[in-house]
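Colleague: Residue numbers (the numbering used here), protein chains in the order written: chain S, 1 to 443; chain G, 1 to 163.
It should be emphasised that the hints constitute simulated quantities derived from the structure, not laboratory data. For every residue, glycine included, the Cβ atom is placed at its ideal position computed from N, Cα and C. Honestly, I wouldn't trust all of these hints.
With a straight-line cut-off of 30 Å between C-alpha atoms, the simulated BS3-like cross-links for lysine-lysine are [stated by the list, open to error]:
#, chain 1, residue 1, chain 2, residue 2
1, G, 79, S, 184
2, G, 109, G, 144
3, S, 431, G, 109
4, S, 283, S, 32
5, G, 15, S, 203
6, G, 15, S, 283
Covered by chain S, per the in silico footprint, the following chain G stretches (three or more residues, Cβ under 8 Å) [as the list claims (entries may be wrong)]:
#, region
7, 6-12
8, 29-36
9, 46-53
10, 69-79
11, 82-88
12, 93-107
13, 136-142
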Amino acid sequence: MFQPVLLANIDKPNSYTLKVYESTGGYSALKKTLREMKPVDVVEMVKSSGLRGRGGAGFPCGLKWSFLPKDHPGPIYMCINADESEPGTFNNRVLMELDPHQVIEGIIIGSYATRASTAYIYVRYEFPLSYERLQAAIDECYAAGYLGKNILGTEFSLDVFLHRGAAAYICGEETGLIESLEGKRAWPRIKPPFPAVEGAFRKPTVVNNIETMACVTQIARRGADWFKSIGVPADPKNPRDAGSYGPKLYCLSGHVNKPGCYEAPLGITCRQLIDEYGGGVWKGRKAKAVVPGGISMGFLSANELDTTLDFEGPGKVGCLGLGTAAVVVIDDQTSMVDVLYNCCRFMSHESCGQCTPCREGTSWSTKILERIRSGRGKMEDIDLLLEVANSMGIIPGTTICGLSDGAAWPVKNAINKFRPEFEEYIRSGRKSVTPAQELMMAH
Amino acid sequence: MAERVLTDDMVAAIKAYFPRYPTRQAVTLPALHIVNERLRYVPIQAVIEIAQLLELAPAEVQDTLSFYGFFPQEKPIGKTRAWVCRSIACALRGGEEVLDYMCHEAGIKPGETTADGNLTIEFAECLGACDFAPCMLAGKDLHKDLTREKATAFVKQMTAQKG
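For reference, chain G alone in the conformation it holds in the complex (with noise of 0.2 Å):
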């Protein structure tokens, strides 16, 4: 038997949800943004254990989770995840650049996570803030009107952060 991963505080915070819908299939997102927001990934054991809970087969759950391309499954990323915009809005006003500034100082590729945990940069599709291009979502973060210094002071802090 596996170790069980979803905690009580999780199971509890799942099951608030099923009064909100007529079916126990529409909590999936829900049930997988509950684990993911607490374990920064959702391993297949999760997505087992959710499952369980939603009266779904395995192969459901995890059929919708990898639509999404949003959770990850192997291991923890960041303690912070970094959304760089790259679409058009934010692409005009050097969006890629930014990005390109902050792997470097991270010393990271874009997808990858700093050795010390703590940063996860990836590149993101429009963020809806084209008013402030070019933008960056870390956390629930929205950084706005982005430059070459903002972007890599940003890096520096996030590394510098203990564990």
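With the rest of the complex left out, here is chain S (with noise of 0.2 Å):
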């Protein structure tokens, strides 16, 4: 089996002290890089390793990178995206909690690399244990000469800094985070620009996610031909395939005998991992669908559950995309009109109301499936359903950003794969609202 990297360390006593981090090489790869490489060598080097944002939408790293404006005067800032939110994720947590300076290590070489002086770090508020535990890292990291002015006696210096979110979904789109960051409304942007060109505070402004600093760490420790040789290479034959390379952290949850957070080459199949990680289905029940990378992404039936979890993979299926890798397994005693009315609830929670499609959409999408569920469906809430999905979201054009369509995606996945059980849904007129959901809906 793959020999983990990403998650080597966290089974270790006090693995997110410095002292242990260093132990096993922490710090190597940083000194090694302000030593030796130019800026523009490390963007080269984490170019060629195609490492692919792990945060969703799944964008080459060393590309956006390389978006920012030549000989810019700066400031230049570095977000790191730790609002993680999307329901089912939970990979940045265990980083953060575990290995925070694996993360720091690569929050370090890639503002190097992007020659930004200041990195904020916006953690979501519901994870405390991950604030706590970045910020003593980022402490130890002043202390020994990592962060600060004149870093390892070079002329580069960077400041990190933790902003806490306040429990929006919404700020973990990329301009909805540097909104919030900014101490307004985390309404997104309309792009462009892009906040390459003008991003947190009208400057140029990368956003990376938690994860893909933890990789950053690694192609700097073990080479860019390293993280190129796991996962699936691009098909040559479609030119939009940027390749899947690099391990991958995969957060299994649902009815699985074990959920849990576990490492695997890009590429594996969902039934391995709910196989040979998960330990299978749980009650020996079987899996009727399955969450591929976070409800946005919709859902895999029961006959796809060999597709592999790549970039491409879910794409080919009718999924929206890998997502972030957050695999929900949902059993075959569970009703899939019940799962996409909590998808829908969700999302219609969390829509920060800018775009009306979207605002309305979230919002309709619940009612109509609050209707069915209370036994006062109709056919033809069906079509209904998804025809406003259909009008929702960046893909028709409707929306500024992409909440929409992870809104949408899981409406249309459900019907279209799914729409038999509907049908015999409405048909029966029975009422799944349990006491749980009718105290919440009056709240």
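Could you fit the two chains together into a complex? Lean on the hints.
Modeller: Listed below in structure tokens is the structure:
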């Protein structure tokens, strides 16, 4: 079995301390980088590794860095997105709690490459232990000379600050994050300009994910070729495929025997993850559906479980993409009507309300499903749900950010792949609203 | 004149954030957190005083505050704020029922505070701890793999505390 790299040290006692991190070779890559490489060489190294962002969109990391204007007088900002909120996702929490230095080493290397002088880590409020461990690690770095002025005796200086969120999913959208950092409502910005040109405080900004930064550390330590030797190479027949390289942290939850964060090469199949890592579906049942990468990505049906969990795999069976690689297993005793309702309710709660198709679309999807689940559904509700879903998002071109596409996708997949179940539910006239849900509706 | 709400300690804590950012407005969220942690709400008077410190209009601070739905404004919430996850991974393993048990045990609805002021129960969206579903964040403590027994025991323990 693949030997974990990103999670190699998390079981060691006090894995989150500088002492333990250094004893496993920590910060050796930083020393080598600052002493032997120019920033532009670091960008090239990350480009040639094929690293794609781990936050959900899978944009090539080195390419993102190269969009920064050349010879800008500065300041340039690095924003680290630790607002991990996609339902089912917790890989960044594991890294921040158990190996924060691996993340910070990557942030310092990334800031050196992009000539950023300040990095803000936007940590979601729900992660108090991550906040505490990151702050302790940052303090250790200042004391050890890895942060602050003239790092390791070089010309390079960097400050890293934590910025705590306030429980809003939309702050994980990179321009929503920037607005929130600036002290405003977290309304995503219209792009262009992209953050690389005009980001935080109207200055060039790179926004990167936590796991992406841990990958940067490992690339700097082990080399771009090592990283590129893992995963699934780009399909030469598909010019839009940038490849799926490197190890990936998969979050496995829901109806499995052993939920957890597992590291595997990009490209293992959903079935492998569930059976070989997760110990199979719980209670001896079968999977009815699986969320491949956070609920925004939609659903795999039971006969799509051999889908590879790389950047290209889920898209081949109609899902939106790999997303955050958060795999949620739904067993065959569960109603897809109930599952979809849960997804729509989440998106309706978290839509920022800026764009009408999203604000209204998420809300009406939820209301239609409430009607169906209270036994008063009509057969035409199914197509109505699809019509709403097809009209919202960046893909139909009606919204500023992708939250709406992520809200539409579970609706589209659930109805297209499980339509008979919706029809049977409506025909039966049964109710599945639970007392707990009625309690929440009254709130 | 309304009575001042921000203590010297809060003002000092807020000002300590100034050097971190190129603008004062960026200190809005840190300032709101500082006040909320101490008062367990952010009354309008605090918004006005934060605005003065940050050289903003009170409306600008209130505009940001109201976006998040996180900062109570009418009265302090309970000493412990318990967030029970209702999103997909927890819901599949009984998270919504856990919320039901807790509210039943405490005699309140989601969003309400027990009469002794000890406990506020709210539902939360995904807490990012799906490996421990169903889960709850109470203050800074993550409560993992909740059952009916664990949830009701938690409420009993919270409400037994003397004010």
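Colleague: If a hint holds in the structure, say so; if it does not, say that too.
Modeller: Comparing the hints with the structure gives:
1. As the CA atoms of residue 79 of chain G and residue 184 of chain S are separated by approximately 28 Å, the hinted pair is consistent with the 30 Å bound.
2. At most 30 Å may separate the alpha-carbon atoms for a hinted pair to count; residue 109 of chain G and residue 144 of chain G meet this at roughly 22 Å.
3. A threshold of 30 Å between alpha carbons decides the hint, and for residue 431 of chain S with residue 109 of chain G the separation of about 22 Å falls inside it, so the pair holds.
4. Restraint check: the Cα-Cα separation between residue 283 of chain S and residue 32 of chain S comes to about 50 Å, which exceeds 30 Å; the hinted pair is violated.
5. Distance hint between residue 15 of chain G and residue 203 of chain S is fulfilled; the C-alpha atoms sit about 24 Å from each other, no more than 30 Å.
6. Between the alpha carbons of residue 15 of chain G and residue 283 of chain S the distance comes to roughly 55 Å, so the proposed pair goes past 30 Å and is violated.
7. For a cut-off of 8 Å, the count of residues in the region 6-12 of chain G with a CB near a CB of chain S stands at 0, and the three-residue condition is violated.
8. Residues of the region 29-36 of chain G with a Cβ under 8 Å from some Cβ of chain S number 4, which satisfies the need for three, so the listed coverage holds.
9. A stretch counts as covered by a chain when three or more of its residues have a beta carbon under 8 Å from one of that chain; for the region 46-53 of chain G and chain S the count is 0, and the coverage is violated.
10. Coverage of a stretch by a chain is defined here by at least three residues with a beta carbon nearer than 8 Å to that chain's beta carbons; for the region 69-79 of chain G and chain S the count is 3, and the condition holds.
11. With 4 residues having a Cβ less than 8 Å from any Cβ of chain S, the region 82-88 of chain G passes the three-residue criterion, so the hint holds.
12. Three residues within the 8 Å Cβ limit are the bar, and the region 93-107 of chain G against chain S gives 6, so the coverage statement holds.
13. Three residues within the 8 Å Cβ limit are the bar, and the region 136-142 of chain G against chain S gives 3, so the coverage statement holds.
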